[in-house]
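The chain contents come next:
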Amino acid sequence: MRLRLVKQDTKFDFFSRWKMWLGISLVMMIVGFASFMYQGLNYGIDFKGGTTIRSESTTPIDVGAYRDAISPLELGEITISEVFDPTFAADQHVAMIRIQAQEGQEAVKSDIIAQVQVALQAIAPDIKFVSVESVGPKVSGELIQTAAIAVVLAIAAVLIYIWLRFEWQFALGAVAALVHDIILTIGIFSELQIKFDLAIIAALLTIVGYSLNDTVVVFDRVRENLRKYKKKPLNEVLNISINETLSRTFMTSVTTLLALIALFVLGGDVIRGFVFAMIWGVIVGTYSSVFVASAILLYLGVKRDWTNKPDANAGTQFANIDA
Amino acid sequence: MLQIDLWKRVVIWALCALGLLLAVPNAFYSKVEGHNDAIAEIELSGTSPEREAMAAQWPGFLPSGLVNLGLDLRGGAHLLAEVAVEDVYSARMKAFWPEVRDALRPERSTIGTIRLQPSAGDELKVRISEPDGMTRAMEVVRGLAQQVVSLSGVGASDIEVSADGSVLTVRLSEAEKRATDERTMQQSLEIIRRRIDEVGTREPTIQRQGTDRILIQVPGIGSAAELKAIIGTTAQLTFQPVLGRGSDPDANAGIGNEILPSLDEEGAYYTLESAPVVTGEELVDAQPAFDQNGRPAVNFRFNPTGARKFGDYTAENIGNPFAIVLDSEVISAPVIQSHIPGGSGIITGNFTVEESTNLAVLLRAGALPAGLDFLEERTIGPELGADSIKAGQVACIVAFTAVLIFMFLSYGTFGLFANIALIINVGLIFGLLSMVGATLTLPGIAGIVLTIGMAVDANVLVFERIREEIKSGKGPARAIDLGYEKALSAIIDANITTFITAVILFVMGSGPVRGFAITLGLGILTSVFTAIFVTRLIIVMWFERKRPKELEV
Numbered sequence: 001m002r003l004r005l006v007k008q009d010t011k012f013d014f015f016s017r018w019k020m021w022l023g024i025s026l027v028m029m030i031v032g033f034a035s036f037m038y039q040g041l042n043y044g045i046d047f048k049g050g051t052t053i054r055s056e057s058t059t060p061i062d063v064g065a066y067r068d069a070i071s072p073l074e075l076g077e078i079t080i081s082e083v084f085d086p087t088f089a090a091d092q093h094v095a096m097i098r099i100q101a102q103e104g105q106e107a108v109k110s111d112i113i114a115q116v117q118v119a120l121q122a123i124a125p126d127i128k129f130v131s132v133e134s135v136g137p138k139v140s141g142e143l144i145q146t147a148a149i150a151v152v153l154a155i156a157a158v159l160i161y162i163w164l165r166f167e168w169q170f171a172l173g174a175v176a177a178l179v180h181d182i183i184l185t186i187g188i189f190s191e192l193q194i195k196f197d198l199a200i201i202a203a204l205l206t207i208v209g210y211s212l213n214d215t216v217v218v219f220d221r222v223r224e225n226l227r228k229y230k231k232k233p234l235n236e237v238l239n240i241s242i243n244e245t246l247s248r249t250f251m252t253s254v255t256t257l258l259a260l261i262a263l264f265v266l267g268g269d270v271i272r273g274f275v276f277a278m279i280w281g282v283i284v285g286t287y288s289s290v291f292v293a294s295a296i297l298l299y300l301g302v303k304r305d306w307t308n309k310p311d312a313n314a315g316t317q318f319a320n321i322d323a
Numbered sequence: 001m002l003q004i005d006l007w008k009r010v011v012i013w014a015l016c017a018l019g020l021l022l023a024v025p026n027a028f029y030s031k032v033e034g035h036n037d038a039i040a041e042i043e044l045s046g047t048s049p050e051r052e053a054m055a056a057q058w059p060g061f062l063p064s065g066l067v068n069l070g071l072d073l074r075g076g077a078h079l080l081a082e083v084a085v086e087d088v089y090s091a092r093m094k095a096f097w098p099e100v101r102d103a104l105r106p107e108r109s110t111i112g113t114i115r116l117q118p119s120a121g122d123e124l125k126v127r128i129s130e131p132d133g134m135t136r137a138m139e140v141v142r143g144l145a146q147q148v149v150s151l152s153g154v155g156a157s158d159i160e161v162s163a164d165g166s167v168l169t170v171r172l173s174e175a176e177k178r179a180t181d182e183r184t185m186q187q188s189l190e191i192i193r194r195r196i197d198e199v200g201t202r203e204p205t206i207q208r209q210g211t212d213r214i215l216i217q218v219p220g221i222g223s224a225a226e227l228k229a230i231i232g233t234t235a236q237l238t239f240q241p242v243l244g245r246g247s248d249p250d251a252n253a254g255i256g257n258e259i260l261p262s263l264d265e266e267g268a269y270y271t272l273e274s275a276p277v278v279t280g281e282e283l284v285d286a287q288p289a290f291d292q293n294g295r296p297a298v299n300f301r302f303n304p305t306g307a308r309k310f311g312d313y314t315a316e317n318i319g320n321p322f323a324i325v326l327d328s329e330v331i332s333a334p335v336i337q338s339h340i341p342g343g344s345g346i347i348t349g350n351f352t353v354e355e356s357t358n359l360a361v362l363l364r365a366g367a368l369p370a371g372l373d374f375l376e377e378r379t380i381g382p383e384l385g386a387d388s389i390k391a392g393q394v395a396c397i398v399a400f401t402a403v404l405i406f407m408f409l410s411y412g413t414f415g416l417f418a419n420i421a422l423i424i425n426v427g428l429i430f431g432l433l434s435m436v437g438a439t440l441t442l443p444g445i446a447g448i449v450l451t452i453g454m455a456v457d458a459n460v461l462v463f464e465r466i467r468e469e470i471k472s473g474k475g476p477a478r479a480i481d482l483g484y485e486k487a488l489s490a491i492i493d494a495n496i497t498t499f500i501t502a503v504i505l506f507v508m509g510s511g512p513v514r515g516f517a518i519t520l521g522l523g524i525l526t527s528v529f530t531a532i533f534v535t536r537l538i539i540v541m542w543f544e545r546k547r548p549k550e551l552e553v
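Read top to bottom, the protein sequences are chains A and B. If you count by my numbering, then the first sequence holds residues 1 to 323, one letter each, in order. If you count by my numbering, then the second sequence holds residues 1 to 553, one letter each, in order.
FYI, nobody ran anything at the bench for these hints, they're computed from the structure. Using N, Cα and C, we set each Cβ at its ideal position, and we do this for glycine too. Errors might be hidden in some of the hints.
Taking lysine-lysine pairs in the DSS-like style, the calculated list, with each CA pair at most 30 Å apart, reads [unchecked claim]:
| id | chain 1 | residue 1 | chain 2 | residue 2 |
| --- | --- | --- | --- | --- |
| 1 | B | 8 | A | 230 |
| 2 | B | 474 | A | 7 |
| 3 | A | 195 | A | 7 |
| 4 | B | 549 | A | 228 |
| 5 | A | 19 | A | 7 |
| 6 | B | 8 | B | 546 |
| 7 | B | 546 | B | 474 |
| 8 | A | 195 | B | 228 |
Quick look at which bits of chain A chain B covers, simulated, 3 or more residues with Cβ under 8 Å [said to hold, decoys possible]:
| id | region |
| --- | --- |
| 9 | 71-79 |
| 10 | 109-116 |
| 11 | 257-271 |
Computed from the model, here is a short list of chain A residues facing chain B with C-beta under 7 Å [stated by the list, open to error]:
| id | residue |
| --- | --- |
| 12 | 57 |
| 13 | 87 |
| 14 | 132 |
| 15 | 136 |
| 16 | 139 |
| 17 | 150 |
| 18 | 154 |
| 19 | 208 |
| 20 | 220 |
| 21 | 248 |
The whole structure should be built from the sequences, with the hints applied where relevant.
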């Protein structure tokens, strides 16, 4: 007996309410964007500058005591949080201490870090500093710029590729889906205030890649079915194509999610934010290839004379049923 | 139409075998690492029984390339330093003044007295008392100009000379500045490399980034602070004439002179001539030693030009003090007792043995031409790296097993074929990573896990197609054939678009992001290869044996 996620020959109607789905997506995008504008992202030091110290000790962590130990140093804003993770040993207590970028200092000062370490050692003698990372404000500004350029470049490159391989309507649909995915991902990061660092940019671009992968597979089938069913209206062709690829869409999403969930649970807390972004991206990306990319395609309409030579004046042209 | 030529089959299997062979060393990481280190040591400093034994841990005929572990997995320190390239301009101008002075002196009849004026660091201002002689003065100073030696600015003059009333200004030309920057960067890279090599650590990464930055990654070092102690000091050593000694840091030193603090004595300041007699660049050797009182000191030796200058100066200035200055602090200011002709000497100060050893290392490696600003520093402890590797391994194995089971449950025999291809795929990724010497980072592991999930996609596309073809009544052979044929465009388009994003990540990203891009990109290549060629070949071979009448996918 085979495991079937989707039964054979589905005939779901994905487009009877396509305007509603587009509307929902639009509203979610607005919510995500508003959250980003008002609440803002919880930028990591990669983008904001500052120092994070990850400490480990065998004694339980008293955040208040840590704070009291560090605050006499007058380093401005300090956040201290304890990290919990199923992969830690029973007597492994991990804390993250974050210190803001120091006013008027471009270069990172080792003595500040040393002071903090000495202060913490006074209250927790066996404390170890397993990682210390400092980024100056100059670099972090550049990093955020580079990251934004990378995302925009990726989208532009993809737009051009799909335009070349398909038609401009497809390219626009795919890019709309991408923008949708990115905004929703940034939105959830700002809403849940998950730390947004350089690795998340990598995750964002992977989401771009994955979502595209999914969209392109659907579009490829649409392109094929447009040639096959020359007389069917576009929404039916889209529906057939999505139903035909539905089994594959689910299979791939589930295998990818299986792998990602394993990483999320067992991969340790260092990359958990990164993996979370990807899990979210896979879900949103799968949704968007049907309800955003294809819906936009339906909205824009498609030229149907795929099989013909560009000679549009030929009287024998029979493929151009409805434009 | 399920025919694949024999040569194609051989090539496909050979590629798989090669990739897996390249991946094998990674399964025995510590052994192979010991073997590689031992070989390197034998090459460097001769053989010894222990080294031979270490080298013998891994047979020499097998490949020994390993995936480098990134800092986040191995632990170590990372620094991003900005080189203050402008430092060099003022040093250049400072050193230029004696030359200008000596050139203008014979012209005093036309230009009158010459006097150095205070100016910004990267220019030299000279006032002459007879403005009428300015044309002549400019002519003379221009005569000192040399051609810029660089690829782009050949033929351009290295200095620009301008006049404003009675003040003559000399500054470096743009072409010369560019050429100087380039030299400064090359020199800084080289010196940082030498200093880190002196300490002797494994596989440091020292890379230039952009126009004026240097990225330094040293695995296995305790902390970024330690690394900074090694490379962070410029170690500019100069020998300068002493004009006086006082306790006021803000006293008027006079133009062309400077006031520098003493290293040991709190509150003591020396007034020195800015232009040095000799600099550390002319040192050929420096060794830790002890002075006649048994205190730690550093012995040094000049090269012939340095020795001559030093000898001449000491001969002319017996009885006067001169200062040994390190990074703008006076280490000591001994009085010249006699002519020192041999070009060697000793630096004494209040050193500990460790400090004198360190200073000797720095002096031997040479001075950094300019100061460094640290923009980014990261220390990752080895424990955290080990934890990450462990967690990553567990996650990979679980993810892998889950996907294998899931594929088998969904596609039966064909799922099994896809699984074999998937195992080959992961092997190939590691093989390729080892071959190109790429660095595996924590996000890189995530990239591999993601590839495991996505690698089955191409197979799924094909299998789903085959199902459809069977449903529409095609025979088994035809269904398989058509399945591959029709799924191909989707596979190619989908993977090319993902590959584009991986390339952009690689080009734009840095550090961990880059590591992720590499595994993602290589993962796409191998998964397309395994899906289109390997799985297909397995299916065809299976089909030739079984000749099934019906196909169950």
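Results of checking the hints against the structure:
Our distance criterion of 30 Å between C-alpha atoms is broken by residue 8(B) and residue 230(A), whose separation comes to about 39 Å. Note on residue 474(B) and residue 7(A): the hinted pairing holds, with a Cα-Cα distance of about 21 Å set against a maximum of 30 Å. Among the hinted pairs, residue 195(A) with residue 7(A) is inconsistent with the structure: their alpha-carbon atoms are about 40 Å apart, more than 30 Å. For the hint pairing residue 549(B) with residue 228(A), the CA-to-CA distance comes to about 29 Å; that is within 30 Å, so the pair holds.
For the suggested pair residue 19(A) and residue 7(A), the alpha carbons sit about 27 Å apart, so the restraint of at most 30 Å is met. Between residue 8(B) and residue 546(B) the CA atoms are separated by roughly 21 Å; this keeps the pair inside 30 Å, and the hint holds. A C-alpha spacing of about 18 Å is found between residue 546(B) and residue 474(B), which places the hinted pair at or below 30 Å, so the restraint holds. Under the criterion of a C-alpha separation no larger than 30 Å, the hint pairing residue 195(A) with residue 228(B) is consistent with the structure, at around 28 Å.
By the rule of at least three residues with a Cβ nearer than 8 Å to a Cβ of chain B, the coverage given for the region 71-79 of chain A is violated, with 0 such residues. A stretch counts as covered by a chain when three or more of its residues have a beta carbon under 8 Å from one of that chain; for the region 109-116 of chain A and chain B the count is 3, and the coverage holds. Against chain B, the region 257-271 of chain A contributes 12 residues with a C-beta closer than 8 Å to a partner C-beta. That satisfies the three-residue criterion, and the hint holds. Checking residue 57(A) against chain B by beta carbon gives a least distance of about 12 Å; that is not within 7 Å, so the hint is violated.
About 5 Å separates the beta-carbon of residue 87(A) from the nearest beta-carbon of chain B, less than 7 Å, and the hint is met. Evaluation of the residue 132(A) hint against chain B yields a held restraint, the C-beta minimum of about 4 Å falling below 7 Å. Hint status for residue 136(A) relative to chain B: holds, with the closest Cβ pair at about 4 Å, below 7 Å. Hint status for residue 139(A): holds, given a least beta-carbon distance of 4 Å to chain B, under 7 Å.
Because the beta carbon of residue 150(A) sits about 4 Å from the nearest beta carbon in chain B, less than 7 Å, this interface hint is met. A least Cβ separation of about 5 Å between residue 154(A) and chain B falls short of the 7 Å threshold, and the interface hint therefore holds. At about 5 Å, the closest approach between the beta carbon of residue 208(A) and any beta carbon in chain B falls short of 7 Å, and the interface hint on this residue holds. Given the 7 Å rule on beta carbons, the hint for residue 220(A) holds: about 4 Å separates it from the nearest Cβ of chain B.
Hint on residue 248(A) holds. Least Cβ distance to chain B is approximately 4 Å, under the 7 Å limit.
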